[in-house]
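These are the residues of each chain, in order.
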Amino acid sequence: AQSVTQPDIHITVSEGASLELRCNYSYGATPYLFWYVQSPGQGLQLLLKYFSGDTLVQGIKGFEAEFKRSQSSFNLRKPSVHWSDAAEYFCAVGGYQKVTFGTGTKLQVIP
Amino acid sequence: DAGITQSPRHKVTETGTPVTLRCHQTENHRYMYWYRQDPGHGLRLIHYSYGVKDTDKGEVSDGYSVSRSKTEDFLLTLESATSSQTSVYFCAIRDSATNEKLFFGSGTQLSVL
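So the protein sequences, as listed, match chains E and B.
The first sequence begins at 1 in the working numbering and counts up by one.
The second sequence begins at 112 in the working numbering and counts up by one.
Because the hints were derived from the structure by calculation, they are not lab data.
Predicted model, so just to flag it, every value in this text is computed and none were measured.
One-sided and incomplete, this derived list gives chain B residues near chain E with beta-carbon spacing under 7 Å:
1) Y161
2) K212
3) L213
With beta-carbon atoms standing in for the labels, derived distance ranges:
4) B:E138 - E:P40: 26 to 32 Å
5) E:Q108 - B:S222: 26 to 32 Å
6) B:D167 - E:S80: 40 to 46 Å
7) E:S18 - B:G127: 47 to 53 Å
Positions of the beta carbon are idealized from the N, C-alpha and C atoms, including for glycine.
Okay, chain B solo, but in the shape it has when bound:
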């Protein structure tokens, strides 16, 4: 399947500390996405990118920032982590040639204590 990796897979941090999650792809796809998954809320879009240095907000972007300086890497940063940001974070990429399905990474379990 698609070459997409997330790091770290698990992270425990304290309230107020900065956290950066990394998504790396080997497919050269244009579109990359960050979602968070919480019980009862499904997957909610945080930010997405449609090219190098081209990003836009999703539905739950407050408290998060992103950067994409290379096609293959999409970073999600929690500037000052809060307990409400405890979640499972999924990165996804989308085949820009066909604009078809999303390929998902394995997820990052983030706990903010």
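Bound conformation, chain E alone:
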């Protein structure tokens, strides 16, 4: 069965600092991988996705993620965090039909 683990429930970073959110997945073949962001009271917005090709993918709002097959990971990074990045971030893995989400990581940004 496919699954996603986001080991960090909460992360606090200072504005301007770098960010890395961890995501590990379990899937039997080459997966589709996604990162979504959800601001308080809002719906989910796609940040980036990976299907094949270059393992470093660029997304919106200055985010990037790297697919590492050997580690079954798809970590999200941003070199310099802005206060507006405070939100909850979800990693997801999907195949041809089902898409499974992790439990999310809440990001707090402090001045």
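Starting from the structure of chain E, add chain B where the hints point.
Chain B alone, transformed into the frame defined by chain E:
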């Protein structure tokens, strides 16, 4: 963005009553999904559909049923609502041409008292 609407947006009901949530799309996508979102659990898949009258269970399907009689509509029914089903419910559609990202609806806040 994708044409996907959920109704109602908010619902308060009593334990034991039936409840139906509707998801409507204008994109003609093949795949439709129902998720529930709860603190500490992220989004959990309830049921999904891969075509008219073609549905399958997700990881938390107990107590829920679905129907898809038309491409554009995917209904989620709580046959007898329980307090544990208080949650925010999201419908999503997936571009069947590219099998790429999910587009999400705005969500339905359901409270079962």
